[in-house]
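Build the full structure now, drawing on both the sequences and the hints.
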Amino acid sequence: GESVGLHLPTLSVQEGDNSIINCAYSNSASDYFIWYKQESGKGPQFIIDIRSNMDKRQGQRVTVLLNKTVKHLSLQIAATQPGDSAVYFCAENMVSYNTDNLIFGTGTRLQVFP
Amino acid sequence: KAGVTQTPRYLIKTRGQQVTLSCSPISGHRSVSWYQQTPGQGLQFLFEYFSETQRNKGNFPGRFSGRQFSNSRSEMNVSTLELGDSALYLCASSLGLTATNEKLFFGSGTQLSVL
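These protein sequences, in sequence, are chains G and W. Just so it is clear: in the first sequence, position 43 is 43 by this note's numbering, and no numbers are missing. Just so it is clear: in the second sequence, position 45 is 45 by this note's numbering, and no numbers are missing.
Just so you know, not all the hints are guaranteed correct.
When the alpha-carbon atoms are kept at most 27 Å apart in a straight line, the in silico BS3-like pairs for lysine-lysine are as follows [unchecked claim]:
no., chain 1, residue 1, chain 2, residue 2
1, W, 103, G, 68
2, W, 57, W, 103
3, G, 56, W, 103
4, W, 13, G, 71
5, G, 56, G, 71
6, G, 71, W, 57
7, G, 42, W, 103
8, G, 42, W, 57
9, G, 56, W, 57
10, W, 57, W, 13
11, G, 56, G, 68
Just so you know, these hints were derived from the structure itself, not from any lab. Every value quoted in this text rests on a predicted model; they were computed, and no experiment measured them.
Here's what the structure looks like:
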């Protein structure tokens with residue numbers, strides 16, 4: 001079936017460095033993508049989204065890049081802080097003949113060390 | 001503005017019982033979606049409600065059901081609980097249907113443990 005994202009890997013970065021979290025999606029018809037951050041004991045928190053008619057979008061300290069040719073999505077976090085430690089999920093809005101819902105990747109754990 | 005509120009926060013049940021979880025969306029949001037989160041399967045879509053009607057459904061057995069009230073509040077029910085139903089159940093609300101590419105805002109979830 002369709003799948004989004006990689007098996008849960010862990011990315012360890014030093015405080016102040018930039019982080020890049022990657023995600024592969026499988027449905028070329030998906031037209032909307034979102035990154036979520038989930039801290040322990042909390043629900044996923046919206047970070048940034050991008051539509052398929054764009055290839056880059058910037059927020060506060062975060063940038064999302066979309067490469068539709070290779071079906072790849074990335075989240076860049078500038079000057080990573082300890083508060084950025086969490087699991088990050090990419091999600092695509094999958095449209096099929098019988099459903100329309102967000103499909104989430106398995107997530108990437110970001111660990112920030114001093 | 002208050003966020004998505006889910007109750008209860010924790011729940012312990014035994015096999016064969018049923019359970020009802022509640023979700024209050026962000027004020028003004030009309031769509032409520034439910035997800036199951038487990039370490040092994042990640043976030044799996046259960047169903048989406050909009051204007052008191054189920055609009056989308058994931059690949060879960062009929063033991064999982066839900067409903068939405070006129071004030072957009074939603075409940076989900078799981079009957080005949082199985083051990084594998086132990087999970088974090090997340091509710092998310094949005095202004096419109098997921099099909100319109102609306103952002104989902106999640107609650108903190110209900111952690112269900114089935115013994």
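Hint-by-hint comparison with the structure:
no. : hint         : in the structure
1   : W:103 x G:68 : holds, 21 Å
2   : W:57 x W:103 : holds, 18 Å
3   : G:56 x W:103 : holds, 18 Å
4   : W:13 x G:71  : violated, 42 Å
5   : G:56 x G:71  : holds, 14 Å
6   : G:71 x W:57  : holds, 25 Å
7   : G:42 x W:103 : holds, 17 Å
8   : G:42 x W:57  : holds, 24 Å
9   : G:56 x W:57  : violated, 31 Å
10  : W:57 x W:13  : holds, 25 Å
11  : G:56 x G:68  : holds, 11 Å
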